[in-house]
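Here is what each chain is made of, one letter per residue.
2 protein chains.
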Amino acid sequence: MRDVAIIGVGMTKWGELWDKSLRTIFTETALLALDDAGVDRIDAMFVGCMSSGLFVGQEHLSSLLADALGRTPVPAARVESACASGGLALRQGFLEVASGQSDIVLVGGVEKMTDVTGCEATFALGTAADQEYEGYHGLTFPGLYAMMAVAHMHRYGTTREQLALVAVKNHDNGSRNPLAQFPFKVTVDAVVNSVLVADPLRILDCSPITDGAAAAILVPAEMARRMKKPAVRIAGSGQATDTIALSSRRDLTWLESTHVAAAKALAMAGRKIEDMDLFEVHDCFTIAEIMVTEALGLVDRGQGGRAVAEGLTARGGRFPVNPSGGLKAKGHPVGATGVAQAVEIVKQLRGEAGERQIKSAKRGLAQNMGGTGGSSVVHIFEAD
Amino acid sequence: MRDVAIIGVGMTKWGELWDKSLRTIFTETALLALDDAGVDRIDAMFVGCMSSGLFVGQEHLSSLLADALGRTPVPAARVESACASGGLALRQGFLEVASGQSDIVLVGGVEKMTDVTGCEATFALGTAADQEYEGYHGLTFPGLYAMMAVAHMHRYGTTREQLALVAVKNHDNGSRNPLAQFPFKVTVDAVVNSVLVADPLRILDCSPITDGAAAAILVPAEMARRMKKPAVRIAGSGQATDTIALSSRRDLTWLESTHVAAAKALAMAGRKIEDMDLFEVHDCFTIAEIMVTEALGLVDRGQGGRAVAEGLTARGGRFPVNPSGGLKAKGHPVGATGVAQAVEIVKQLRGEAGERQIKSAKRGLAQNMGGTGGSSVVHIFEAD
Numbered sequence: 001m002r003d004v005a006i007i008g009v010g011m012t013k014w015g016e017l018w019d020k021s022l023r024t025i026f027t028e029t030a031l032l033a034l035d036d037a038g039v040d041r042i043d044a045m046f047v048g049c050m051s052s053g054l055f056v057g058q059e060h061l062s063s064l065l066a067d068a069l070g071r072t073p074v075p076a077a078r079v080e081s082a083c084a085s086g087g088l089a090l091r092q093g094f095l096e097v098a099s100g101q102s103d104i105v106l107v108g109g110v111e112k113m114t115d116v117t118g119c120e121a122t123f124a125l126g127t128a129a130d131q132e133y134e135g136y137h138g139l140t141f142p143g144l145y146a147m148m149a150v151a152h153m154h155r156y157g158t159t160r161e162q163l164a165l166v167a168v169k170n171h172d173n174g175s176r177n178p179l180a181q182f183p184f185k186v187t188v189d190a191v192v193n194s195v196l197v198a199d200p201l202r203i204l205d206c207s208p209i210t211d212g213a214a215a216a217i218l219v220p221a222e223m224a225r226r227m228k229k230p231a232v233r234i235a236g237s238g239q240a241t242d243t244i245a246l247s248s249r250r251d252l253t254w255l256e257s258t259h260v261a262a263a264k265a266l267a268m269a270g271r272k273i274e275d276m277d278l279f280e281v282h283d284c285f286t287i288a289e290i291m292v293t294e295a296l297g298l299v300d301r302g303q304g305g306r307a308v309a310e311g312l313t314a315r316g317g318r319f320p321v322n323p324s325g326g327l328k329a330k331g332h333p334v335g336a337t338g339v340a341q342a343v344e345i346v347k348q349l350r351g352e353a354g355e356r357q358i359k360s361a362k363r364g365l366a367q368n369m370g371g372t373g374g375s376s377v378v379h380i381f382e383a384d
Numbered sequence: 001m002r003d004v005a006i007i008g009v010g011m012t013k014w015g016e017l018w019d020k021s022l023r024t025i026f027t028e029t030a031l032l033a034l035d036d037a038g039v040d041r042i043d044a045m046f047v048g049c050m051s052s053g054l055f056v057g058q059e060h061l062s063s064l065l066a067d068a069l070g071r072t073p074v075p076a077a078r079v080e081s082a083c084a085s086g087g088l089a090l091r092q093g094f095l096e097v098a099s100g101q102s103d104i105v106l107v108g109g110v111e112k113m114t115d116v117t118g119c120e121a122t123f124a125l126g127t128a129a130d131q132e133y134e135g136y137h138g139l140t141f142p143g144l145y146a147m148m149a150v151a152h153m154h155r156y157g158t159t160r161e162q163l164a165l166v167a168v169k170n171h172d173n174g175s176r177n178p179l180a181q182f183p184f185k186v187t188v189d190a191v192v193n194s195v196l197v198a199d200p201l202r203i204l205d206c207s208p209i210t211d212g213a214a215a216a217i218l219v220p221a222e223m224a225r226r227m228k229k230p231a232v233r234i235a236g237s238g239q240a241t242d243t244i245a246l247s248s249r250r251d252l253t254w255l256e257s258t259h260v261a262a263a264k265a266l267a268m269a270g271r272k273i274e275d276m277d278l279f280e281v282h283d284c285f286t287i288a289e290i291m292v293t294e295a296l297g298l299v300d301r302g303q304g305g306r307a308v309a310e311g312l313t314a315r316g317g318r319f320p321v322n323p324s325g326g327l328k329a330k331g332h333p334v335g336a337t338g339v340a341q342a343v344e345i346v347k348q349l350r351g352e353a354g355e356r357q358i359k360s361a362k363r364g365l366a367q368n369m370g371g372t373g374g375s376s377v378v379h380i381f382e383a384d
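Residue numbers (my numbering), protein chains in the order written: chain P, 1 to 384; chain S, 1 to 384.
Some clues are possibly wrong.
The list makes no distinction among identical chains, and a pair is therefore deemed to hold if it is satisfied within one copy or across any two copies.
[Stated by the list, open to error] Below, simulated SDA-like cross-link-like pairs (lysine to any residue); rule was C-alpha separation at most 20 Å, straight line:
hint : residue 1 : residue 2
1    : LYS264    : ASP103
2    : LYS264    : SER99
3    : LYS20     : THR159
4    : LYS20     : TYR133
5    : LYS229    : ARG363
6    : LYS13     : LEU32
7    : LYS229    : ALA245
8    : LYS20     : GLU132
9    : LYS20     : TYR136
10   : LYS20     : GLY135
11   : LYS264    : ARG71
12   : LYS264    : GLN101
13   : LYS228    : THR122
14   : LYS228    : ASP35
15   : LYS264    : SER102
16   : LYS272    : THR122
17   : LYS20     : THR114
18   : LYS185    : ASP300
19   : LYS228    : GLU352
20   : LYS264    : ASP43
21   : LYS359    : PHE319
22   : LYS185    : GLY100
23   : LYS264    : PRO73
24   : LYS229    : GLU352
25   : LYS20     : PHE123
26   : LYS228    : LYS359
Hints in this document: simulated from the structure, not taken from any laboratory.
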């Protein structure tokens, strides 16, 4: 297996992009990444997308997007693992280069979510849950994460205010990210008094519906050195599944797939979790970030709420989590999120993160999750 | 890259399986493959599925199917390239084993298409075309292939009867396949007088709407030898894209993605097309098989119609095409088709194809195609 490096990344402003189609959003982003990398050739491409069928009535993104980029007959694949689709695309691209199958690989993620009504979007997102055993009974994603939140509060004493502090932190970070969908700050008071979605989760506990894409160019690390590009090495990659339905879980408050995927990625990188300087994690709801910090081993079980309250995961804390603003403030175009996490870490490790730069960042971890943790993909990045 | 072999395959009877869910169909098939392989462990799984979102309101098949098989936390990925999704899953599984990333990999394909109305199925299948530039204007797949058929007839003199002879041949083969959806013979007269769908294509020119799955177990060839299993080696794998919209093609009668993918697969295997003893190809419509035989190089451009009329592609001909009955008679659960092609070739090379056995078959080629050829995946198989 060859060492693999990212030599270019691309992302445009996320939001409700009603004047752009899925293909336009993706193509603009991919061209930015190619430009950043300084290459005009790709050997293969992988695209993460969760549900372009339900959101825009378009499957076959492999052909659509290779064509839109003018890159046919290049081999192209769309991969899907719900909201972890972007992370999965990154992993498949990583393996494509590591195995020697291809030299220059474009990895992208995309989702166009605002062309449908809110009800239709809620249904489409619900297809990440068990449709027959959860969706059929009326459960939506806020409902599922609300049950996880209630269980966490009940067992560990996690408070309503601690949940809110995740949103406050991530919006503070996001206010420094010009590409974020919601680049503004919020207060605990605003969060706890915002519209109730699924008790105890309020609208400001939830990540938004977003149109957006992200892209990265992967090459063998040796080629990156030859090109004298500021490269970021993908030092580890881990992927795991868990039961899709919450009712089959042993413990509603624990994300086993994240725990397993992180252990694999860290083992591949030969690192410990405390070696990481920053983290981009899957805060689709405030409770999710709290549970992820526990599953990654940043804090003990049940201590995720206290950790955010004590500033451990703040931009200036010991373990900065979601300096980009996270899904919460940056937005959450589901198939793009996993790739955007990599984009942020690459920018941070290259020292190009502007007002949200984490000082002397050398290593970062990205954790991307499907459904309520039915799948997770974790990557470790190191400045080369 | 390590040599990779298939040591087990599974498929159940295809058809309108109203009493079974997508998860049941897939799981039954995967268990057959595991049983055939004689293994009780998998290290990773890849599932091809085109549009479970639109057909059954369920994405996140990675988690759903790993869970249903009781295999969490095994890494699982769903891949999609329209009707070439199964072939793409096989390719990703092949690369996973070849690269040394995993030893025992389950590759599956599945589609549950009959839980929706005919109109909804037509829409879902249409998402393999360019939704904005083809679907929006009312084009469906029979319409797109009808245009290709008209162009082929116009340029090369291909006849209505030659189209029908593809259906006659494949139903004759399919009548010997107990797992086929439509295991009966048809006549030229029946085809040319069947209901008109999109001129010149009639209902008996079209592959059906099908529920079904197929699965295979891949391991390093060296492990297969140690296990003393009757193994079939995957000697080559090629993948390519083409423009998604027909309007962007230089030539409506030529399948460039199939041509490129086949050349790559043959080069990897170190073989020529005439070294192959049998072919499973993507006859989603009768005209498709004719064009595929040309793109593969079995016959010269424009000679595909004459070839079927002269018996070249018959079971006892020089180049037997679709001994399984093809998509036409066996059925076409779109995400499963590419894996089912591998299942048939493995059975043929193991000498287990019963009444449809091709004598002394040692090498076979599978060609799986998305949309109107916007993507193609080709694999070469050899008895080990």
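If the cut is 20 Å between Cα atoms, do LYS229 and ALA245 qualify within a copy, between copies, both or neither?
Neither. Shortest intra-copy (44 Å) and inter-copy (37 Å) distances fail the 20 Å Cα cut-off.
Same-copy or cross-copy closeness of LYS264 to PRO73 [CA-CA at most 20 Å]
between (34 Å within a copy, 12 Å between copies)
Regarding LYS272 and THR122, is the shortest C-alpha distance of 20 Å or less found within a copy, between copies, in both, or in neither?
neither (38 Å within a copy, 51 Å between copies)
Intra- versus inter-copy proximity for SER99 and LYS264 (alpha-carbon distance at most 20 Å):
Classified as both: same-chain Cα gap 18 Å, cross-chain 17 Å, threshold 20 Å.
Using 20 Å as the alpha-carbon threshold, which applies to LYS20 and TYR133: within, between, both, or neither?
For LYS20 and TYR133, the Cα distance is within 20 Å only across copies (15 Å; inside one copy 36 Å).
Given a CA cutoff of 20 Å, do LYS359 and PHE319 count as a within-copy pair, a between-copy pair, both, or neither?
within (12 Å within a copy, 65 Å between copies)
Intra- versus inter-copy proximity for ASP300 and LYS185 (alpha-carbon distance at most 20 Å):
The answer is neither: 29 Å in one copy and 66 Å across copies each exceed 20 Å.
Reference check for the pair LYS20 and TYR136, CA-CA at most 20 Å: within, between, both, or neither?
between (33 Å within a copy, 17 Å between copies)
Tell me, please, which holds for LYS228 and LYS359 at an alpha-carbon limit of 20 Å: within, between, both or neither?
For LYS228 and LYS359, neither the intra-copy (23 Å) nor the inter-copy (57 Å) Cα distance is at most 20 Å.
Checking LYS264 and SER102: alpha-carbon separation at most 20 Å within a copy, between copies, both or neither?
between (24 Å within a copy, 13 Å between copies)
Using 20 Å as the alpha carbon limit, work out where LYS185 and GLY100 are close: within a copy, between copies, both or neither.
So LYS185 and GLY100 fail the 20 Å test inside a copy (45 Å) and across (47 Å) alike.
Checking LYS20 and GLY135: alpha-carbon separation at most 20 Å within a copy, between copies, both or neither?
between (31 Å within a copy, 18 Å between copies)
The structure fails to meet hints 3, 7, 13, 16, 18, 22, 25, 26 from the earlier list, while all remaining hints are met.
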